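Going down the list, the protein sequences come from chains C, B, G and D. Read in order, the letters of the first sequence are residues 1 to 499 in my numbering. Read in order, the letters of the second sequence are residues 1 to 103 in my numbering. Read in order, the letters of the third sequence are residues 1 to 506 in my numbering. Read in order, the letters of the fourth sequence are residues 1 to 629 in my numbering.
To be clear, the hints were calculated from the coordinates, so they are not data collected in a lab. Predicted model, so just to flag it, every value in this text is computed and none were measured. Glycine residues also receive a C-beta, built at the ideal position from the N, C-alpha and C atoms. Errors might be hidden in some of the hints.
[Unchecked claim] Short, incomplete list of chain C residues facing chain B, as computed with Cβ under 8 Å:
1. His160
2. Leu169
3. Asp326
4. Phe467
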Amino acid sequence: MFKVRLYNTSLMSNNDFNALMPLLVLAGASVLVMLLIVARLSHRLIQLVSLLLFVIAFISLLNIRAMLPYQVGSLFMIDSFGAFMIGLIIFSGLAVNVFSYIYFQEKEEGPKEYYVLLFLCTLGACVLAVSNHFVSLFLGLEILTIGLYALIAYLRARNHSIEAGIKYLVLAAFSSAFLLFGMALVYLQTGALSFAGMANVIGAASVPPLLLTGLGLMLVGLGFKLAVVPFHMWTADVYQGAPVPVTAFIATASKGGVVASMLRFFAAIDGFRSEQLQVVMIVIAIASMVVGNLLALRQSNIKRVLAYSSIAHLGYLLVAFIPGGDVVPQAVSFYLLTYFTATFAAFGVITILSGAESDAEELVHYRALFWKQPALASILSVAMFSLAGIPLTAGFTGKFYVLTTGIGQGFWLLASVLVLSSVVGLYYYLRVVTTMFAGTRDLLPGPPPKYPVFLGISMVALFVLTFALIWLGVYPDHAIGVVRDLQLLVTAPATSFAE
Amino acid sequence: MKPSVSIEVVVLLAGLLFALGIVGVIIRKNIIFMLLSVEIMLNASGLAFVAAGSRWGQPDGQVMFVFILAMAAAEVSIGLALILQIYHQHKSLDIDNLKEMNG
Amino acid sequence: MMLVLLITVLMVGAVAAVVAGEWSRHVPRWIALVACVIGLMCVIAIWANTSPAGGSVPSGQWLLDYRKSWIPSFGISFHLAVDGLSLLLLALTFFLGVLAVLCSWDEIRERTGFYYFNLLWILAGVAGVFMAMDLFLFYFFWEVMLIPMYFLIGIWGSENRVYAAYKFFIFTQASGLLMFLAILGLYFIHGQDTGIYTFNYFELTGTVIPFKSAFWLMSGFMIAFAVKLPVFPFHTWLPDAHGEAPTAGSLILAGLLLKTGAYGMLRFVVPMFPEAVREAAVPAMVLGVVGIIYGAVMAYSQTDLKRLVAFTSVSHMGFVITGIFALNELALQGVVMQLVTHALSTGALFLMAGMIKERLHTRDIGEMGGLWGPMPQMGSIGLVFAMASLGLPGLGNFIAEFLILLGVFQAHPWITVAAASGLIFSAVYSLRIVGKIFLGPRKTMETVPDFSFREMLIMAALTVSIVWLGLFPQPVIDTARPAITELVRFMDVQSAALQHQPYVKQ
Amino acid sequence: MDKFLWLIPALPLGGFLILAFAGKYISRKAVAIVGAGSICLSALVMFAVGGAFLSGMPENAVYTQTLWTWFEVGDFNAKITLSLDALSLVFVFAITFIGALIHIYSTAFMEADRDYARFFASMNLFVFSMLVLVLADNLLLMYLGWEGVGLCSYLLIGFWYEQPANGAAARKAFTVTRIGDAAMAIGLFMVFQQAGTLVVSEIGANASAIWQPNSTSVTITALLLLAGGLGKSAQLPLQTWLPDAMAGPSPVSALIHAATMVTAGVYLVARMHTIFALSETARLVVAVIGAATLLLAGLTALTQYDIKRVLAYSTISQIGYMFLALGVGAWTAAVFHFMIHAFFKALLFLAAGAIIESLHHEHNMFKMGGLKDKMPVVFWTFLAGAISLAAVPLVSAGFYSKDQILWYSWSAGGGNAVLWAVALAGALITAAYTTRMMILTFWGESHTPIGHLPGRRMTMPLVVLALFSVFAGFIELPHNFGHFTLFSDLLHPVLPETFMKENIPSEWLFQLLAALATLGGIFLGYYYYYQKPSRIENLRRNGLVVQLHRFWFSGWAFDALYDRMLVKPFIYISSINKKDITDKLYTGIAAITGDMYKLLSRTQSGSLRWYIMGLVAGAILILGIQIML
């Protein structure tokens, strides 16, 4: 019969608990919130509690720094890179949470369950970030995705919401199937489900065709989650249909988690040994940059604009991803940092401007915003400039990091495409800004804000984000310093506890 | 003991099922059938896992299969919920009616 | 420290202006004026202390130097330094800055705070460009200029402003990004050669670059500078931007932003890629000549006064690039003169266009005419600057164009012959300007007032300087000399023996 | 005395500055005093300095005064240095002295004009620039003056700016001369490249060391410089601007377009004679152009109606004589003719101005007539000028200067029979059109009622100039009678002796022929326009003659030619490209991007099945690539 090899997941040490604390906090939080809902607490209270819980998760992350890198069984490898990604993801969850109150309070659907799902999705993303094993990868991915199905379609009264939901559901499941089949083939070839195991099996040998096919199919699944061309088509519709905070989450956390695990996986099996994979990735990257920017060119719906721009940005990210090497995790995490910040700033503004019936998604909503609400307009402008990669903003530093990574390894083609396509990008980012400056203060100022407290919190968050954008743009040395220390490990160093 | 069927055949079967699923998803207009086809694909990959597991004499493949089943179940449940909603709104399950967002 | 002050005073002023703009409409312009004047004072102080006349004469080319680590992890430092060339252009920057504020004094009535914010921000960027000695920092300032200029055109421009703003921004940004690629390429080549990864200008100038890549890198830099200058095929953003921008915008565009292109060539392209430059010299000069003639012909056909003047800039900048690539002292000194004088003369013409627009509410020279009668003062000043732009001896532009042509003649007589045709064409369009605006019968019978005191002040300042430059250009030439001679010497060394040694020792 | 040299140009400049800045605020009387006074003072200074110069001739025969260094770059330096030698003295004399007279005349002539101050400001500026031109010791400073006079001529031709025609004429004058100037600038570059300096004296000293005689480089240099001269002096092929320049007020025509500026070309060639001396070809070109011009312009003058245009063409033709002289190597003769011509042509223009003024701005000679008795002063002075222009033997200064040129055009080193024949024909024509002009203007019955007569301030200068244009000739008498060569002796420190051929026929013969030519011309004019005007009518019926007349009248159709060859094409090219074709490139790129957007946004159809197909396609693509490689 089968010889059952017990992983030492059965006996978990305290260290393991501590190391997984952030994940456990998130998991527990979802349960706790559920209980609170049962206890019929008010939306306001739940929102505050979940805010608190996110903060706790963040803190618990901070105090595991000492024990990094740490391997939990063969499922998780919590190294500094993973920790950083978790931090980013929890941070995004936090941000989404902050913006959610105002947005959902006015909707007729009971907003409370929303937070449960939010925690679950965050958890999934975090699991992805540290997963070192196909199982954990798969679990994380599905926790994330299934949570998202519900979140996207959360405003069930809206046709768009539902449409987006079903589209995402079918496509996600479809792509998961590819992913799984790919995994299966890889497993068939290597006989290992843990990255480390695969690494040992493959060793320095050239990549056998079956494995290659498997990787290719996995790429389809992951590519879908990352929304890179040619797996991008769902993006715009889902971004448009989903509630704004959820869109923000999709744009950031979900992608961040997938990128992290993908990076880890490729690093483990040293995926770019095979020039085939590299070519595929290069093609994907170039296609994403070009197509993404072109699709956004004359788009008049700002959510769709951001969707397409996110496609392009993932393309840029791949420019840093493809070269491989130690610098890649640094570049990737720094770029994600800048990209997250900018994206949240943008979506935050959109959230605040959105009304009960419809989101502020058409560009015309933003005419003369600069003269009506200078603060929000300036924040959105900064976000747009950052996304466009204009100096003085984080976006530029991020792009600079990516370019240095690419050119440093001599990927001139990618670099040039990045530059030229981002020129196209300028046009639509500028269009948003221009719209805000166009016209004059023609309309009367809108009604006084309904929820001063939460509006205040949101504004504070936005200002923090904006400040971060500019700080990262003007004096990024600290951030770079942090990122520089990040390391991505496949097998735990001898010192730490291994299987 | 050696499994009675050679791995290659099983994997081939899985591949066929997978392809079948793809075709199903593409050609069917009714959402329910699309979901079914997706399920077929998922199970196909599950089968592949089992095959792989048996090749290496590990239970991991079957473990994965269990996970896949669970995930499929969760997915279908949400899917059906959505389908109900869609039926409320559009009074049909033809996926081609859902084209409000584009461009 | 002085150098940092130059930039900070502008940035602080900018912020102060936008803040003050919330409460008052008139405070911002005073803030802006004060900021610019302070800056001008500082530059003059630096000049006085370092010129052979006054105080401490530094040995060698560099007068002041300020360096502070910025992003050490990439070898990026906040490194400013000025030599004679930079100093001249800085003086120009703040001088035109003052004029720009003055000429917007009444023209801008709404959102003054934000307006002056942008104005000062642009100036800060330009000043930074002229001082940055770290390529990353240089690119940084290079970009800092764009956004505010984009707003300046896009918000306060005339009818077709948005299109013009986009065009300006995308042209400059696209070319700028290509330059950024080139900078990174240089960074890595130098890093792989020496193991020192740095953006420091003084180290990168010593880089050994294989010819082929040197050529590509140079093209990367050149494209950015050529768009800014602008060189012939890349000039099309200029007429739109100039045409639509508010008066101050045109003034700064013509007076300063164009100059950054020439400065970049002098400061970076030539010393960093000597062989490549020598290879590319003739084609570049030919482009320059084409620009001279094409710009002039285009200028003749324009009916929109500001577009017309814009095309004359294209023509004049043709002289600049021709002179730069002649690579001898005469021509390069001529180029420096051309930068200064063109800024003054063309700036003055734009200011005049603005003043006429305020009076007649049109830029179409077809609707002007006979304005000498009601406005003899503007007429005579206009005549002076028309003459300046056709290179009348006794006015600054003549010195510039004469030196350039003389220098180019040493290198390539035939190119000079072609370029000299510019003298004729410039006469043709300049006289057309004068004729259409001031001579002939009156088109409009409405009463137009002559210069106000403020306008008189602006124009007098410009006139005095252009005449002064025409009769006593020596101070300018002496200020620029160390930089230029150093550059020429370096190129000669290069041509003598093609081994690289750093262009300037630290 | 040389330390006062700077005063000569400085005074007009001062006058200009005062009038330019204070002109609005001071009274017309003050304007007149400043405007004319500055020139008179400058003339006085000139007499003082010149007197000193002549009495105590400095050893190197030149006063120099360096004011400041203009600019120096590398091995190039240009100083603001004035230098006065015999040649420049002659020009300075003409400029300041005649200039002073013309200014005095103008104070009355322009009395009624609105822009009194502007007029005098421009005139003073002109005198200043002209003085700089002739006093400059290096070519660059000369170029400054050179362009300066061009500017002033532009300003004064277009002085009455409301009429578009005047503006056009002014623009034409500036542009055409500018063409010459551009060539001249290139000439300067060549000089500097080869001689390493632009200082005239240095060039002159080392010319023979720098250039091989008759080498291409020297010829090219000479011709480039010449081109500048041709533009300013309205010689073929750049002569077309001068007749139109008559749009300016008469004093302007007198000062700028007769006496001084248009002879700048002569000055330039004389100044650079060392270079021209080295190139046979260049000198031949000069001579031929001069000859051709004098003939062409003379014939044109025969056909004009407008009195000022007649004078303009005659100016062109007389300057043609000067170039001819320069070409054959008779340097002093050319300068001598310049001076005499300055006197009588200025006189003729001023007189013509007086006539036009009192005939209510009537320019057409055929509408004049019978003024002999009505305006005696003008008549007698005009007559003096006319005989000088027609070179009536013995009694007129014109005779002595022109006779010299005729004689040299045969017998001087560069001379030959053809040139002489042309010159002789020219003499005949000159006499003819002068007579025609006289008769049409002063004899016959009057056609236009006459307004007020010119006052003393206008007549006084006429008288003075008349005296000079009659008697000034006696300072240089032909070799065969008197051989009194004061003028050429004065110039010989600067300009070389005229080199003569061997075995030339005696000079008497030439003088006789010249005299005959003149008298013949006068007779023709008298016969056709006074005795038998009917003959003209007969000629009018002859088709050929009419064609010829039209052709000559149009100035040999040069204007039309240039219009078709240069102006029209230029305007056409610039007008078709008004929208700037190069921009199409970028708009094209933008358009393409836009289309790609449209194309791609179609793929975002919103249909789920389509998306799935896209996904599958992607998968196939990936696997495909992997299989391919």
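Consistency of the hints with the structure:
The closest approach between the C-beta of C:His160 and any C-beta of chain B is roughly 6 Å, which is under the 8 Å cut-off, so the hint is satisfied. Taking 8 Å as the C-beta contact cut-off toward chain B, the hint placing C:Leu169 at the interface holds, the least distance being around 5 Å. With 8 Å as the threshold, the beta carbon of C:Asp326 stays out of range of chain B, its nearest partner Cβ sitting at about 31 Å, so the hint is violated. Interface restraint check for C:Phe467: the shortest CB-CB distance to chain B comes to about 35 Å, outside 8 Å, so the restraint is violated.
Violated hints for the displayed structure, listed by number in ascending order: 3, 4.
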